[in-house]
Amino acid sequence: MLKFVAGRLLQGILVLLAIYAVTFFLVAATPGSPFSSERAIRPEILAQIEAFYGYDKPVFERFMTSLGNALNGEFGPSAVYANRTVTDIIAESFPVSLKLGALSLLVAMTLGIPAGIVAAVKRNTWLDYVPMSAAMVGICLPTFVMGPMLALVFGIILKMLPVAGWFGPEFWILPAATLGLVYAAYFARLTRGGMLEMLNQDWVRTARAKGVKETTIIWRHCLKGGLMPAVTFMGPALAGIISGSFVVETIFQVPGLGQWFVRGALNRDDFLILGLTVLFATLIVVMNLIVDIVQVALNPRLKYE
Amino acid sequence: MSDISQTAPLQHKPQPDPAGPAVAAMLEELEEGSSLWKDAWARLRKNKLALTSLFIFVAIVLFCVVGPWLSPHDSQSQDLFVGAEGPSAKHWFGTDTLGRDLLVRVMEGGRISLLVGLVATTVSLMIGVIFGAVAGYMGGRVDAAMMRFVDLLYALPFTIFVILLMVAFGRSLWLMFVAIGCVEWLTMARIVRSGVIGLKKQEFVEAAVSLGYSHTRIITRHLIPNVLGPVIVISTLTVPAVMLLEAFLSFLGLGVQPPFASWGVLINEGQQNMEIFPWLLIFPAFFFALTLFCLNFLGDGLRDALDPKSAKD
Amino acid sequence: MFISQFQKFTRFLLAITLGSLVAACSGGERESDIAASEGILLFGNGSEPKGLDPHLVTGVPENHIISSLIEGLIAYHPTDDLVPAPGMAESWESNDDYTVWTFKLRDDAAWSNGDPVLASDFAYSWERILTPMLGSEYAPMLYVIKGAQAFHAGETEDFSTVGVNAIDDKTLEVTLAGPTPYFLNMLKHYSFFPVNPRAVEENGGMTDRQSGWSTLENYVGNGPFKLKSWVTNQVIEVERNPTYWDAENVKLNGIRFFPVENGATEETMFRSGRLHITSIVPPDKIPSLKESVPDQLMIEPYLGSYFYRVNVTRPPFDNVKVRQALAVSFDKELLVEKVTKGGQNAATGYVPNGIPGYATSTTVQYDPELGKKLLAEAGYADGVGFPKTEILINTSESHRKIAEAMQAMWKDNLGIDVGIYNQEWKVYLDSQSSLDYDLSRSGWIGDYVHASTFLEMFTTGNGNNDTGWSSAQYDALIAKAQLAGSEEERSQVLSEAEEILLAELPVIPIYWYTRVYMKDPQLKGWEPKVLDNRPYKHVYFEAN
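Residue numbers (the numbering used here), protein chains in the order written: chain V, 1 to 305; chain U, 1001 to 1313; chain L, 2001 to 2544.
Think of the hints as simulated: they come from the structure by calculation, not from any bench.
Ideal placement from N, C-alpha and C gives every residue a C-beta, glycine not left out.
Careful: at least some of the hints might be erroneous.
[Stated by the list, open to error] A partial selection of chain L residues facing chain V, derived with a Cβ cut-off under 10 Å:
no.	residue
1	Glu2093
2	Tyr2190
3	Val2231
4	Val2312
5	Leu2435
6	Asp2466
7	Ser2470
8	Gln2473
[What the hints assert, rightly or not] To spell it out: a stretch of chain V is covered by chain L in this simulated footprint if at least three of its residues, at any positions, have a beta carbon under 8 Å from a beta carbon of chain L; those stretches are:
no.	stretch
9	43 to 49
10	124 to 135
11	245 to 252
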């Protein structure tokens, strides 16, 4: 297993390098500059600014410099936000995103996985339809509808929860719930699918025929395998929540990473984009590794390869 | 598609049929698609929920595709004096803030959203299934290399890339399909791979291998049909995901260009005024949600119908 | 061990849930009321500032914060943006032709680090912003000073050639490039604000763009407030500055600036009592808010013009008749009433109304019959044969709506089909400056209250012209206005120039801005301002 992990980490580093290069040249090829502004900037001033950030150099030279710095853990300053390095921005917003992501995932799993199990076991009864239909509401309504609706109900009408900001635990509830509801649906459906797959296996039939109790079959034999799709989904889900929570962050005024992904891209803030990409990529690589390990733990038939 | 067995490292060399014609015939029957799909259709017909969903979905598609030609209103003609008005005999769904008929706009928006959802999902499905099945089946270095490629794409933050792509190539609707489809196949590939790895060890695949069938044949006839269950589940999750993604892009203003307006655009517009002009949110959101509900239930029905295990019932 | 952790976690969750419920039930007092009783203003500020260095920023949210932290020679008047109020300068005078100004700095003016504010600080600051190395985007504002342009262009490195002279610690003499009676107005702009030389030198020096002086830890200001906390994307808080010369007359104890980008979120925050002031109101909500909370909805004139640039280098818009036809063939009154909804004025000229001493033009009126006639004369009777053209807009709901309305009205009145092309901001800026468009959505907000801030940009070769239009006669008039001896003459000459612009129409005027926002009625001393320069020190709370 150690060899497996080391091998995957090595591959991960190669992936990171490849991603760094792809991102760098993609941003360089995108029209627009971090310094373009509505009021015309005199060319000589623009030249000064560009020289300050090293944009006057040929693309390839810039790439080598920036890669060299990145390997030393230096992502440079934001080209748009004064006095802030990319590292500062990430250090400030990543913990927020992690907290929001973990809470949402918790909401999603506590709602989604039991709903999926019940639905699979009581297939084609109201215990299947009702939880699954309820779970689907989260998929069917975009977060930018769900969020304002929750804010309206719990913030304005019931006056129970603050509508925006990130100043304490009561502020975490609405954004985590909005984001969690979306992923709850995914978890419910994946769990249901996975459980059905297991319940339809021949050996389950055999076990039933032999008179093994239904609860034993479900809990002892099917649950592990049935949770596989949900487990596989966890990695992408967390990464998606962290980078893709832009809408929720905007609606609830959460100072997380999601806003920077969008803002970095819209501002063409090269250094920030590269820093965020590397962070995100690292996160994914590690997450996938964990998912693989958990998969093997859940299904002994799989082996580390 | 070229025969992968030519280039891939072989674990089992093709050998003369050791088990004789009887096993071959059995496998032939197993991989023979026609009876499988016929049975599936028979089972699907018995599933009321799925049939109803199919019916409603077809109705929505007709509503969106044919509807605009039947309506006396034009989705672009404005009446600024009227502005946003609730539903009336003239405008069944009311009008938007520029006084345009919402019914026609919902129908035309549906065309765009359905097109985005179906085309992008099809793209992702085709790439994902083939890629995942090949990786899972070949195993070893091929698998490792292919999955690292998936990791690579996975690890590109989608938000940044879609924004940059949309910014660079702004006006093409087709580019949007490709951009979305190219991202959405990754989950599919991973799931198919997991499924195939599980199936690979089972007797019927090993039997097929020992019979010397080509890799292409084993993948397309034995493996893919057996992972269709999860594939359909993922597809039914992909369609809403794609439609939501399109809505997210519209939220950023990077979606379809005016005068087109997808359901995502309409819903986004509607939610901003949901207290004052609720109909602007309710109608598009209703059709959007209903479509996704139907696709999901239909997906479930198809899953049940196609599952080779339940075929033995 | 796992179990105990789980229990801990469950307890934590319970605590959160119960805590919030208890807070919800026992509370009831709105955040905005608590803050008001503490004298803290909760300010919706649009977006996260890109920095707080007055010489490097360009945006409105930055201006809102900086103007609470730093005071220029001239301060904001509590009610009228045209009246200069004493700031760092307690008095001033100019020679007869408004070319040489002398400012007397007050003795008790001090920086928040204890340094006195000296005339040499202003000289240092203006040298800083004009140094080419710094790359300040707003440096051209200072070209009004003699020799500033040459220094900024790098023609000389000797700042003594620039007309800024610190005669002694408290006397500053400024020599201008030409007669400028409105110089005092310009001084309110943050590009003229001073920075503390010691703080700048200690944190990287005069020309360092990433100078650390303007961070939370190092910030030194001379304004009524000083920086207290800065949480990115969350809140920036300023508190009373005890070293401010007029500290006893400052009524607020602090301001919290919230960077809320989403208009709907801002509105929800305002309604649930988390803001006293919003930065905007979504247009569609204006009519119903006017009905329900007229005391909270604020609509004020705002010195800005909304217009479409026309690319005069591209057919069919190289034909002036086509431009005229488009300009008169949409119903502006209807547009501002039904689409923008914020009490904007239909623009009959380019320079917005409300500039004292300047005659607002009424040249461009809605006249579809004339439009049809002009279009026919241009060879496109009833729109037949009119090529496919597009309105370029940057991504925004409101720009899109306006463009869709224009599109429909031009179709009705002229029979022409104009498309809409939506581009993301940076690409839109590129397209506009490289003349890669037909019609382009534009807006311009005055930097100071004078027609010249609107008209100078359309001279030949000006970086903000962006239309390809050029007129020697127009250029000559603008140059003449710069040297005009009296304000009446200057306004007269600028009016003539505007009429040339409106006859040639490289721009199609649409409306003149208003500022629409929500304000808590407890907040007093908050007067309408044409430039949105808020004199925070005069603002206070009073329960109704």
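Hint check: 10 Å Cβ-Cβ cutoff, L/Gln2473 to chain V: This interface hint is violated because 23 Å lies over the 10 Å limit.
Given L/Asp2466 as an interface hint, is the shortest Cβ-Cβ distance to chain V below 10 Å? Cβ of L/Asp2466 sits 8 Å from chain V, so the hint holds.
Evaluation of the interface hint that places L/Glu2093 against chain V, nearest CB under 10 Å: 32 Å, violated
Taking the closest Cβ pair, is L/Val2312 under 10 Å from chain V? With a minimum Cβ separation of about 18 Å from chain V (threshold 10 Å), the hint on L/Val2312 is violated.
Are L/Tyr2190 and chain V close enough, Cβ to Cβ, to be under 10 Å, as the hint says? 14 Å, violated
Taking a Cβ-Cβ distance under 8 Å as contact, does the stretch 245 to 252 of chain V have three or more residues in contact with chain L? This one holds; 3 residues, not fewer than the three required, reach chain L with a Cβ under 8 Å.
L/Ser2470 as an interface hint toward chain V, with CB separation required under 10 Å: 16 Å, violated
With a Cβ-Cβ cutoff of 8 Å, does the stretch 124 to 135 of chain V contain at least three residues near chain L? violated (count 0)
Less than 10 Å between beta-carbons is the criterion; does L/Val2231 satisfy it with respect to chain V? 7 Å, holds
Have a go at the L/Leu2435 hint: is there a Cβ in chain V nearer than 10 Å to its own Cβ? Violated: closest Cβ of chain V sits about 13 Å from L/Leu2435, beyond 10 Å.
Outcome, coverage hint (the stretch 43 to 49 of chain V, chain L; C-beta under 8 Å; three residues): Contact hint for the stretch 43 to 49 of chain V vs chain L: holds, 5 residues under 8 Å.
In summary, the structure is inconsistent with hints 1, 2, 4, 5, 7, 8 and 10 from the numbered list given earlier, while agreeing with the others.
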